[in-house]
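Chains L and R are the protein sequences, given in the same order. Under our numbering, think of the first position of the first sequence as 373, with each following residue one higher. Under our numbering, think of the first position of the second sequence as 21, with each following residue one higher.
Derived from the structure by calculation, the hints contain no laboratory data. Since we're looking at a predicted model, the values are computed, not measured. Don't take every hint at face value.
[Said to hold, decoys possible] Sample of chain R residues at the chain L side, in silico, Cβ under 10 Å:
#, residue
1, Ile37
2, Gly50
3, Met53
4, Asn145
5, Gln146
6, Ser164
7, Glu169
8, Pro203
9, Tyr205
10, Leu208
11, Ile211
12, Thr238
13, Ala248
14, Glu264
Note that CB positions come from ideal geometry on N, CA and C, so glycine has one too.
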Amino acid sequence: MKILVLAETDGGRVSEKSLPAIAFAQQKASEFTVLAIGDALQGVETLTGYGAQAVLTVNHPALSKPLAERYAPVVAHYARQLGADAVVATTTTFSRDVLARVAGLLDAPMLSDIIALEQTDGKLVAKRPIYSANLIGAFEVEGAPVVMTVRGPAWGKPEPKGAESPVQAADAPAEIPMRSEWVSLQGGGGGRPDLTQARVVVSGGRPLKDPETFEKYIGGLADALGGAVGATRAAVDSGIAPNELQVGQTGKTVAPELYIAVAVSGSVQHLAGMKDSKVIVAINTDPEAPIFQVADYGLVADLYQVVPELTELLKNSKG
Amino acid sequence: MKILVSVKRVPDPYAKITPNAAGTDINRDGLQMAVNPFDEIALEEAIRLKEAGKATEVVAVSIGGAESQEQLRTALAMGADRAILVQTDEPLDAPSVARLLAAVYQREQPNLMLMGKQAIDMDENQVGQMLAAILDLPQATFASKVSVENGSALVERETDNGIETIKVSLPAIITADLRLNEPRYVALTGIVRARSKPLETLTPADLGVQPRARVRLTGVEAPPARKAGKRVNDVHELVRLLREEARVI
Ligand SMILES: Cc1cc2nc3c(=O)[nH]c(=O)nc-3n(C[C@H](O)[C@H](O)[C@H](O)COP(=O)(O)OP(=O)(O)OC[C@H]3O[C@@H](n4cnc5c(N)ncnc54)[C@H](O)[C@@H]3O)c2cc1C
Ligand SMILES: Nc1ncnc2c1ncn2[C@@H]1O[C@H](COP(=O)(O)O)[C@@H](O)[C@H]1O
Numbered sequence: 373m374k375i376l377v378l379a380e381t382d383g384g385r386v387s388e389k390s391l392p393a394i395a396f397a398q399q400k401a402s403e404f405t406v407l408a409i410g411d412a413l414q415g416v417e418t419l420t421g422y423g424a425q426a427v428l429t430v431n432h433p434a435l436s437k438p439l440a441e442r443y444a445p446v447v448a449h450y451a452r453q454l455g456a457d458a459v460v461a462t463t464t465t466f467s468r469d470v471l472a473r474v475a476g477l478l479d480a481p482m483l484s485d486i487i488a489l490e491q492t493d494g495k496l497v498a499k500r501p502i503y504s505a506n507l508i509g510a511f512e513v514e515g516a517p518v519v520m521t522v523r524g525p526a527w528g529k530p531e532p533k534g535a536e537s538p539v540q541a542a543d544a545p546a547e548i549p550m551r552s553e554w555v556s557l558q559g560g561g562g563g564r565p566d567l568t569q570a571r572v573v574v575s576g577g578r579p580l581k582d583p584e585t586f587e588k589y590i591g592g593l594a595d596a597l598g599g600a601v602g603a604t605r606a607a608v609d610s611g612i613a614p615n616e617l618q619v620g621q622t623g624k625t626v627a628p629e630l631y632i633a634v635a636v637s638g639s640v641q642h643l644a645g646m647k648d649s650k651v652i653v654a655i656n657t658d659p660e661a662p663i664f665q666v667a668d669y670g671l672v673a674d675l676y677q678v679v680p681e682l683t684e685l686l687k688n689s690k691g
Numbered sequence: 021m022k023i024l025v026s027v028k029r030v031p032d033p034y035a036k037i038t039p040n041a042a043g044t045d046i047n048r049d050g051l052q053m054a055v056n057p058f059d060e061i062a063l064e065e066a067i068r069l070k071e072a073g074k075a076t077e078v079v080a081v082s083i084g085g086a087e088s089q090e091q092l093r094t095a096l097a098m099g100a101d102r103a104i105l106v107q108t109d110e111p112l113d114a115p116s117v118a119r120l121l122a123a124v125y126q127r128e129q130p131n132l133m134l135m136g137k138q139a140i141d142m143d144e145n146q147v148g149q150m151l152a153a154i155l156d157l158p159q160a161t162f163a164s165k166v167s168v169e170n171g172s173a174l175v176e177r178e179t180d181n182g183i184e185t186i187k188v189s190l191p192a193i194i195t196a197d198l199r200l201n202e203p204r205y206v207a208l209t210g211i212v213r214a215r216s217k218p219l220e221t222l223t224p225a226d227l228g229v230q231p232r233a234r235v236r237l238t239g240v241e242a243p244p245a246r247k248a249g250k251r252v253n254d255v256h257e258l259v260r261l262l263r264e265e266a267r268v269i
């Protein structure tokens, strides 16, 4: 299977979120090419050490922001030109936006957020979470190319390969559609590790009251562990935490080494985004809270009492 | 301005979903069905645009078996002016749905199409983007705020990196995220009024489309369960176990 991997970029910089898609390609492809799109793209060299045939970069001023309407035709063009059997990216809002449009342009079948792929008697069978990750579905797909997004935590990191893949500058299409325009981006950053990449995630729920309290207790504990901060939808909806921190069915999927859920009830929608974490800790006043059913370690206690204690203990014992 | 809204019939988001005995599909006996929550939000947005005097007509469209009429009646009761059912019992995949919706779009020629970002049964999140590609229209996915002004829409989008604002010229495809609005409850008067609103039924053949699913669900299983953990008494015990037993800190 010949695979074209679409690297995630924000138009200016290549993101490490692309790595699971490259790990997928290493496992499933006979050969693969990576495509990165933007304007004066930085960080392309981070994609060259994994055994790709080539890393194609398309730079153009009209591609300086990741607008699906502009990126999709570029991806479709190179998928055709390379004769790709599959076009793949890690599942993120970027890839969902761009690749489903690519599938539309190529009239290709698509599989979203896959966690397994088998090829038996020329048939492709993929597995992916369905019904809010309550179930796993097996899907048979026919036709090529197939467009796929792959669930980051299921594919992990690619193996470093000695040989460096050549970086090749490639042309942007002559005509780029210009009916959508980028205006602004609010949020992000904060100096903490990226939620989907972090080794430790500390998440807080609705009882954290307001942004200051959330930052003090959840942010404080996360910093003591060098971790990222997550939140429930209820916390985001009440304005306690910013949108991009939401974990769950309609937020991000995470699978860190350690996930600490503080005052999180454990709704199926929240569990959908974190139950593949290696070790789960729950801190909750309600001994019957569903989060305890998936927690490796459960502490029935008031967060306002134990989170400061825990944070102090971790800080001191580290020093 | 005319707005087209797609509406999918899906299991109620709070229903318990289990695999059937053969493990080929879910157990559908007595399963409560509903309008896909994201479509309800898209429809609410369309109705609000009409109430604000920015739209003149809201048309709801669903693709599926005769039973999808139920969800279209709900859409009419919420405030859609008329509804279209593209009736088929054939298995569909996202490209087939997108091609059928594209044909309805061509017939209706709306100025804006609003739809959910994903259907909560298969969680694919594909149809809106595919439809935009097929119709060669701009797209704004995962919308959490939409303002329509002079032939374009300013849309705030929920992305992994934060709230992104983009501007798309109309007509366009906009897909709704959860925080776009809170859909209204359907009033009894709405339900009564909905009975007399037009609901047209078409077949794929009427639209000149022959759907064929290239992605087919062949098996359903429960995900691996996590084994039950233990309760700890205090933070000292927690830290000790995380260090010595789990070895994650
Ligand atoms: C279509 C759909 C999609 C959704 N997607 C998501 C999603 O992606 N992510 C998501 O998270 N949710 C999602 N939800 C919402 C989800 O159903 C729950 O409402 C939400 O996860 C609950 O958040 P919570 O645990 O913060 O709040 P609550 O349910 O209010 O729970 C708070 C918990 O904190 C405990 N508590 C209270 N005070 C303290 C204290 N002082 N110390 C310790 N513990 C305390 C309580 O016992 C309780 O268990 C979705 C819902 C729908 C319908
Ligand atoms: N059978 C259908 N009938 C009407 N609309 C649909 C159908 N399937 C998908 N859609 C629309 O496409 C959106 C995205 O669905 P999906 O890509 O399947 O997750 C949904 O929110 C619906 O608005």
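Original post:
Is the shortest C-beta separation between R:Leu208 and chain L less than 10 Å?
Top reply: violated (28 Å)
Subject >> Status of the hint placing R:Ile37 at chain L (closest C-beta pair under 10 Å) >> reply: holds (5 Å)
**OP:** Could you check if R:Ala248 really has its C-beta closer than 10 Å to a C-beta on chain L?
**Re:** holds (7 Å)
Original post:
Does the interface hint hold: is R:Tyr205 within less than 10 Å of chain L, judged Cβ to Cβ?
Top reply: With a closest approach of 18 Å, the R:Tyr205 hint is violated.
**OP:** Tell me if R:Ile211 is really an interface residue toward chain L, meaning its C-beta lies closer than 10 Å to one of theirs.
**Re:** With a minimum Cβ separation of about 28 Å from chain L (threshold 10 Å), the hint on R:Ile211 is violated.
Original post:
Close enough to count: is the Cβ of R:Glu264 nearer than 10 Å to one in chain L?
Top reply: violated (12 Å)
Subject >> Interface hint for R:Asn145, Cβ within 10 Å of any Cβ on chain L >> reply: holds (5 Å)
**OP:** Return the status of the interface hint for R:Gln146: holds when the least beta-carbon distance to chain L is below 10 Å, violated otherwise.
**Re:** The hint holds - R:Gln146 has a Cβ within 10 Å of chain L, the shortest such distance being about 4 Å.
**OP:** Against chain L, run the beta carbon of R:Pro203 and see if the smallest gap drops under 10 Å.
**Re:** Nearest chain L Cβ about 14 Å off; hint violated.
Subject >> Given hint R:Met53 near chain L, where the shortest CB pair must fall under 10 Å >> reply: Violated - the Cβ of R:Met53 stays beyond 10 Å from chain L, reaching only about 13 Å at its closest.
**OP:** With chain L as the partner, please determine if R:Ser164 meets the hint condition of a C-beta pair closer than 10 Å.
**Re:** holds (7 Å)
**OP:** Closer than 10 Å between Cβ atoms is the bar; does R:Glu169 clear it against chain L? Give me holds or violated.
**Re:** This hint is violated: R:Glu169 lies away from chain L, its Cβ roughly 13 Å from the closest one there, beyond 10 Å.
The earlier numbered hints that this structure contradicts are 2, 3, 7, 8, 9, 10, 11 and 14.
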